[in-house]
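Enquirer: Hints are included, so try docking the two chains, each in its own frame, into the full complex.
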Amino acid sequence: MNRYLSAFLHKFTFRRQLGIAVTLGIFTLAFFSSLVGSWQGTVQVRSDQIEQGRRITENLARQSVLALIFASSDNAAEAANATLQFPGVISVEIREASQRVLLKRGNVNPAEFSTPVAGYAASGNAGVNQAIAVLDAESANSWRFTAPVYSQPSGSPFNEMVVPELLGDVTVVVSKEALSQVTGSIFVANMTTSFLSALLFLFLIRILSNRMTKPLTQLSDIMGRAEAGETQVRAELAGPKDIADMAHAFNSMMAVLEERAAEISQLNAELERRVELRTEQLESANQELESFSYSVSHDLRTPLRAIDGFSHILLEDYADKLDDEGRRLLNVVRYNTGRMGQLIDDILNFSRTGRLELAFSRIDMEGLAREVYADLQPSAGDNTQVVIGHLPQATGDRAMMRQVFVNLLSNAIKFTRTREDALIEVGYKDGANETVYYVKDNGAGFDMQYAGKLFGVFQRLHGVKEFEGTGIGLAIVKRIVNRHDGHVWAEGKVNGGATIYFALPTKENRA
Amino acid sequence: MMDTVKKIEILLVEDNPTDAELCIRALKKSNLANELVWVKDGAEALDFLFGTGAYAGRDLAATPKVVLLDLRLPKVDGMEVLRRIKEDERSRAIPVVVLTSSKEDRDIAESYQLGVNSFISKPVEFDAFAKTVSELGLYWLLVNHPPR
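In order, the protein sequence lines correspond to chains A and B. Heads up, the first sequence stops at 511 in the numbering used here, and the numbers go up one at a time, no gaps. Heads up, the second sequence stops at 148 in the numbering used here, and the numbers go up one at a time, no gaps.
Next comes chain B alone, as it looks inside the complex (with noise of 0.2 Å):
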């Protein structure tokens, strides 16, 4: 295929190694970490997103199938990363999931007014975490339809 090399399924933003591991390891068990990109905040995913900075010429027309998106970010934080993908039509298409450790009620709500397509809180204990991450990795890269 043309297009493997530029072909993107999952987009992490993740400021915590470990966490990031963890969640690189659940999904690799289950062989969804193929094609995955893992940026460390916020800016960095916007730039990747719209081509800008570091990233600036990428072929935007690889779009990732699903952003696995922390709130809790350096430079930009989760919910404005997620307020700019929603705003520009380019990006609106992409579905974005929060992952992150917050339960809160406000967390929640404003997520889901700025569009976001699924919440979900991470588990502590691993087994539950692994089977969350994996579960949600077969449900957006394998169940899910995105728009063509």
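Only chain A is shown next, with the shape it has when bound in the complex (with noise of 0.2 Å):
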């Protein structure tokens, strides 16, 4: 319940919330007075419309005396019209000693007032030979009185100690609805005065509330501004102190933040300058790599082909001048600049892994296999057998992918040109988040010793007399995967094959 009034309550401000309990209050207030008000005026006017009722039927039975002494009907009516006459009198009725009604005017239901009110009743038979009214019954709507008629002493002497005689009694009912007419109009009387001064009450507090809370408000609207990003906002030290400190207390922590802020900001400039700074410089390292891989390229290419081209004419032209060791000189020339174009390209190639943007397609990687396969079968020996066995999709660059199981194989290829059981095994299986493929063959091997050197560029474990090749494949295969955001790593022993893993990651853990 708490928790709701709260939660409730959370949602007012701090003056709405003052406002509804004031309302509240004075209205609850303003009701209640009135209903007290109302109760007391009504007890009053009860009291003063039961006297008047009595005095009424008190001198209804003073009049009443020659009615009943000569029991003239039309005395009795004239006193009973006279009293008719009275506000609220509904009924009169005027009766001998011998309960004989001597008249009866108005109709009153008799069994409305079946219980006599005792007290009354009481206090009229205390009323020696007088005529006292009594109020004998009280129904919701009326009263009912009754006063006894005694016969009049006369003025004379004689008369002094004649004991008067009791000639009947009268009885009146009067209504009550002046009574309820008069509870009603104290009433909205009351409640009206009472709303009145309710809302004047409140209009007055609303007022000083204003103003009382009006340095707050404005606290909360500086601070509202504040928050939707203004600058420069301050609050003014105005109003009450406790509310002047909580401006000043603003204003300090406003200062603080515009100064971070700005601080921030010079920061993020001089970074993005330095950004900026280092992207040029990259841009134009970058430039100059390829300007000097074009230059490569182009110009190294060209001194050789001369070397190999003249070299060749040399043999061709002047072959009958020429010993056979001189020819050996010159093919040996001829060799080397082979190797060195060899060499440029797979630089190149290098460069141009490392360069490319990679085109990410979904790869069937053991089709891709068995093509590549079957473009180096022809340089593998008739003795060698390879199991391309199941492997599973991979997301990737084609063409790079394939450069990739080129190196591997043409690598297991010519290791184990050797063996008389070549056996090549192309497989996977799963990691964590990735899938290990692998080439695996019973070559030539290496020693585990040299195994972080397997992937350099030019690094090569095997001399050129014994294996050809420049010492770039695997350095190439390692950064295609690395461009994948994979790894490789590779197992063998000396004469006992390599096994050469690629892990790549499986497409959801691809970023």
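One or more of the hints may lead you astray.
Taking lysine to aspartate or glutamate and the EDC-like style, the derived pairs with C-alpha atoms no more than 20 Å apart in a straight line are [as the list claims (entries may be wrong)]:
(1) B:Lys40 to B:Glu9
(2) B:Lys131 to A:Asp375
(3) B:Lys40 to A:Asp299
(4) B:Lys75 to A:Asp299
(5) B:Lys28 to B:Asp127
(6) B:Lys29 to A:Glu316
(7) B:Lys103 to A:Glu357
(8) B:Lys28 to A:Glu316
(9) A:Lys453 to A:Asp346
(10) A:Lys493 to A:Glu420
(11) A:Lys440 to A:Asp375
(12) B:Lys103 to A:Glu290
(13) A:Lys429 to A:Glu491
(14) A:Lys465 to A:Asp346
(15) B:Lys103 to A:Glu288
(16) B:Lys75 to B:Asp15
(17) B:Lys103 to A:Asp345
Short, incomplete list of chain B residues facing chain A, as computed with Cβ under 8 Å [stated by the list, open to error]:
(18) Asn16
(19) Asp19
(20) Arg92
(21) Ser101
(22) Lys103
(23) Gln113
Keep in mind that the hints were calculated from the coordinates and are not lab data. We put the beta carbon where it would ideally sit given N, CA and C, even for glycine.
Expert: Next up, the structure:
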């Protein structure tokens, strides 16, 4: 309950909460005070009306003396009519001592007064020989008054000792309508007055509370503007001391915040400037690298071709002037030019695998491996058995992945060339969030001690005479796999074959 | 034949004399170098093709059957020569073969954008080079039919 109330109150401002509490209080107060006032007024009016009713009844009793003495209905009617003139009187009855009704005016249901009012009846009996009216019964709508009628002592001295004789009695029924009317109007008047004063009071309270909460509202407005992103917002140091203190605290907080924001934006600008500078440097370095590789590609080849070409011309046109050693030496020159050409091509290839944009797609790795092997098969020995198992698909650049298989399979073919029963296996295993593909052979293998060198550029673990090649193949494999967020490693032993693994992230784990 | 003197079959645009010599030697072996003009830079190539500069007054009707174009050239580079040839109505129909040491993808792409007819990367080994050059000479001079 408390929780709901506080949740409800949280929706309103301090001023609104105060307003609700005060309004509720004042209206409750006004309501109860008008209720109490009306009740008090009603009690007063009621006793006045009862008193009036008694007087009317007593009056009737006195006026009925003659009528009862003479049993004259005319006289009785006169008295009764006079009584009926009074407001609220609804019925009159005059009875003789014998309880015979001499006159009855008005219509009252006798059942209405089935229960007599005990107190008043008793007081009625107490009255001795005097026409004292009593309230002898009360219903929801009316009162019934009764008074005995005694013969009146005359002014004669002879009659002084004569005891007044009971001639009969009179009954008057007075309606309570007037009372309820008066009660209603008292209640309405009280209510109206109370509520009017309550409204006036509330109006005053509102003015006062506005005056009191104005600095608070202003402060909260300013905070709202600051929150919305306005800068240089400062609160006025006005109003009560505690609010002024709060405004002061807010102002210093804003000053600190603005200082920090300025620092941050300055730092950001500085950072951006640096990034720009570095990007520029990087771009120019990249450009230099590109023009460098372009030069290598173009300018280094030309003289090589000249060396090779002219050695060839020499061999062709001057063969008869050269002895065997001369021809051998020229062939060494040509062999090394060819090797240098290969090195240049490899360097460019390696640099290109680092520069080319990757075009990602789903790759059927098994199909790719089979396709590559089909291309390489002519270079494999007849005694080479190749087993390509099921391979899961991968996401990557197909051309580059092809290069990976080309390099790995041609390596495997190369290093198993000396084996009688060469076996090359291509397979995979599932890793954590990655698929590990491998190419395994039972060829020359390598010493695990040098496993780290295997993937370096131009790193060779065998002599050129033994196995040809520049030592770029695995470096390219490593670079391509790294660019696919994967990694490579190798296992092997001398004359025990080698297994090259490359792991690629599964589709779900690709960033 | 009347026009034997003016007849041009190959325009070789090559600044490097050794490369030019090797190229001409390879063509000669296949008897394809008889009607060959060798120019040593891009500007000279354009002068020859459009009859300007040193070639002012040349009969432009004698167009080469093929232009062998190196990309790295002094003065006006090969790309620019190619662009000018393919831009000009008079020379657009002449087949141009880029014969260069470059294997750069962007060179290949740009050449084809400009309308090159063939792109050949010169092999380093002479045997392969000689074979390539003689094959391309045979193809463009004997197999291919240029517009008349």
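Enquirer: Measure nothing beyond the straight line between the CA atoms of lysine 28 (chain B) and glutamate 316 (chain A); if it is 20 Å or shorter, mark the hint as holding.
Expert: Holds, at roughly 15 Å.
Enquirer: Verify the proposed pairing of lysine 465 (chain A) with aspartate 346 (chain A), using a straight-line Cα cut of 20 Å.
Expert: 19 Å, holds
Enquirer: Given the hint that lysine 103 (chain B) pairs with glutamate 357 (chain A), does the C-alpha gap stay at or below 20 Å?
Expert: 17 Å, holds
Enquirer: Is lysine 29 (chain B) within 20 Å of glutamate 316 (chain A), Cα to Cα?
Expert: 12 Å, holds
Enquirer: Is lysine 75 (chain B) close enough to aspartate 15 (chain B), meaning Cα to Cα at most 20 Å?
Expert: Holds: lysine 75 (chain B) and aspartate 15 (chain B) sit about 10 Å apart, inside 20 Å.
Enquirer: Tell me if glutamine 113 (chain B) is really an interface residue toward chain A, meaning its C-beta lies closer than 8 Å to one of theirs.
Expert: Status violated, d = 18 Å.
Enquirer: Straight-line Cα separation of lysine 28 (chain B) and aspartate 127 (chain B) no greater than 20 Å?
Expert: 14 Å, holds
Enquirer: Is the interface hint satisfied for aspartate 19 (chain B)? The criterion is a beta-carbon contact with chain A at less than 8 Å.
Expert: Aspartate 19 (chain B) check passes; min Cβ-Cβ to chain A is 6 Å, inside 8 Å.
Enquirer: Min Cβ distance, arginine 92 (chain B) to chain A: is it shorter than 8 Å?
Expert: Hint on arginine 92 (chain B): violated, closest Cβ of chain A at ~27 Å, above 8 Å.
Enquirer: Identify whether the interface hint at serine 101 (chain B) stands, where standing means a beta carbon of chain A within less than 8 Å of its own.
Expert: 4 Å, holds
Enquirer: Starting from lysine 131 (chain B), check that the Cα of aspartate 375 (chain A) is at most 20 Å away, please.
Expert: 23 Å, violated
Enquirer: Between lysine 429 (chain A) and glutamate 491 (chain A), does the CA-CA distance stay at or below 20 Å?
Expert: Between lysine 429 (chain A) and glutamate 491 (chain A) the Cα gap is close to 15 Å, so the pair holds against 20 Å.
Figure legend: structure checked against the earlier numbered hints; hints not met, in rising order: 2, 20 and 23.
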